[in-house]
Amino acid sequence: MGKRSIIPYGPQHPVLPEPIHIDLVIEDERVIEAIPSVGFIHRGLESLVDKRDFNQMAYVAERTCGICSFQHGMGYCEAVEHIFGVDVPDRARYLRTIWAELGRMHSHLLWLGLLADGFGFENLFYQAWRVREKVLDMQEMTSGGRLIFSVNVIGGVIKDITDEQMQIILKTMDEVEEELKVLQKTFLEDYSVQSRLHGIGIITKEQAHDLGCAGPFARASGVKVDMRKRGYAAYGELDFEPIVSNAGDSYARCYCRMMEIYQSIDLIRQAIGKIPKDNTLATPVKGNPDGEYFMRVEQPRGEAVYYVKANGTPNLERMRIRTPTFANLPGLCEMLKNTELSDIGLLVLTIDPCISCTER
Amino acid sequence: MAETICPENILEEIPVDILLDKSLEKKKQGLRLSQACAAYVNDKYELSYSFANDETYELTTLRVVIDKDTVVPSITEIVPSAVFYENEMKELFGINIVMLSMDYEDRLYRIEQEAPMGPKKEEA
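Quick note, the sequences are listed as chains A and C, same order. Numbering-wise (my numbering), the first sequence opens with residue 1 and increments by one. Numbering-wise (my numbering), the second sequence opens with residue 1001 and increments by one.
Just chain C, with the same shape it has in the complex:
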């Protein structure tokens, strides 16, 4: 088997109200935002913010599970590179992300359908 330098992914489930604090903590630890994405599972949104340690190749993902109408604060003031990830979540899933440093107002991908990967119309 190949020598695996990276340990398994670490997943930390956190409430949305400490998302900014946790993001700041990761930034202070010198971690890099590797990716952020959303999923719509069982009538809830799952947001994943993955922070990478480029020395140990460890990947820690902050997982926030929220209801459809929950307001999510943007982490772009802490991690500027989150701007495109959060615009994507907002546009494709219809997640209510506020305080974005640059809000494309659902025109990042220029798609006509509203939140195509979020709740189906009748559900919403």
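For reference, chain A alone in the conformation it holds in the complex:
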């Protein structure tokens, strides 16, 4: 047995966009145990229910994260809509689906860029983010914001996407798809990239289930779960199956996210093809919510849970957001065991950590 020592990793580290600290117990160059610490950017957003009413909380929820902000707002609104028992207009459900999938695309492209940066392939990083820029342009064109849309309200949405804009989105989807095929060749077939990802950081299907892993992290280990199959927004009317891989390693996570971008393109095309012409965007709600609901949506990083408890007053009794990265932390600790110290930076990236989400 070699000498054991503890190496502090983070909260400031070149591969980390956000702060997380991990104490790595190592023996020689091999990690024996990983103990994470968060809390560097805890904002206490959930406790704002005392000061903001349930309508304003939609905007607070959206500001939980700068990457998957739209889906935070949508998840919260859907939870409150369930309590009210309100039917969201069909067009609004489709609009939410289109924006949610644009958000997934830009999030996965952002991650692919960070991954390339993590294994030192700078050109690939630039290319992934160049393609992502096109998706951000679509978001800006349709909502006015590149990342924070502020279009969700209780009962629907407050902005529409015009027919002309939809044609531009479809044209851009064609372009992104073509460019993605080029990127895919490098991300999934290049020898150097494969050597950094194949067989590293394996989580089995049983481990992923027992440790409560979510999203592409779980699906890359063979867990076929995708909250979109629950049929919220317009997903119940679209044709898709969860992207799953059985290898459970870093390569499988890269594969799942890459394929999910294609899937998002397909879902956007389907949604634009089926979106109703009706111009009603929101159903007005009267009074205050009274009741509780657990809403689950599939964010880019996986299942997010929104718990809303209301008592008939404008201020909620409780609003709780369980983000996917929060659920993936136990899986991350398990994955880091028995890996080489030099792989840690890349492995932490492969769960696509979003710490500002996690700490709320």
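Careful, some of the hints might be misleading.
Straight-line alpha carbon distances no greater than 27 Å define the calculated DSSO-like cross-link-like pairs of lysine-lysine that follow [unchecked claim]:
1. K134/A / K51/A
2. K337/A / K1027/C
3. K229/A / K1027/C
4. K1022/C / K205/A
5. K224/A / K1027/C
6. K171/A / K274/A
7. K1027/C / K205/A
8. K277/A / K229/A
9. K51/A / K1068/C
10. K181/A / K171/A
11. K229/A / K159/A
12. K1068/C / K205/A
13. K224/A / K1068/C
14. K224/A / K1044/C
15. K1027/C / K51/A
For the chain C half of the interface with chain A, some residues (derived, Cβ under 8 Å), not all of them [claimed, not checked]:
16. Q1029
17. R1032
18. T1061
Derived from the structure by calculation, the hints contain no laboratory data. Here a beta-carbon is modelled for each residue, glycine too, at the ideal position from N, C-alpha and C.
Take the given structure of chain A and dock chain C to it, following the hints.
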């Protein structure tokens, strides 16, 4: 309307002394701990442990309502992934959770205020 595959949420209210048994039962049924959280409502704590069936997309929540000074056994020995949820409940609400597999001792979020979402100071 969208086809809803998921049935409504199922809520099971249980006393705290069978929390471990019920958690074990859910685990044996192959369910995954989807989330756990607390709320402080009407001078009582409400703890919610939600277990998800990933095949049917059903969500069953175990609800435990306890007084402020009740001791709650940790479910981390049965469901290891509960460790961060229970540390959060302990730190933000001041719930007395014991036997945690890894106790951050109220330093998970590094906040200065004690139990900011629990009872107000004069109440406590």
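Cross-check of the supplied hints:
| no. | hint | in the structure |
| --- | --- | --- |
| 1 | K134/A / K51/A | 38 Å, violated |
| 2 | K337/A / K1027/C | 24 Å, holds |
| 3 | K229/A / K1027/C | 23 Å, holds |
| 4 | K1022/C / K205/A | 24 Å, holds |
| 5 | K224/A / K1027/C | 18 Å, holds |
| 6 | K171/A / K274/A | 17 Å, holds |
| 7 | K1027/C / K205/A | 15 Å, holds |
| 8 | K277/A / K229/A | 25 Å, holds |
| 9 | K51/A / K1068/C | 24 Å, holds |
| 10 | K181/A / K171/A | 16 Å, holds |
| 11 | K229/A / K159/A | 26 Å, holds |
| 12 | K1068/C / K205/A | 39 Å, violated |
| 13 | K224/A / K1068/C | 40 Å, violated |
| 14 | K224/A / K1044/C | 38 Å, violated |
| 15 | K1027/C / K51/A | 38 Å, violated |
| 16 | Q1029 | 12 Å, violated |
| 17 | R1032 | 6 Å, holds |
| 18 | T1061 | 6 Å, holds |
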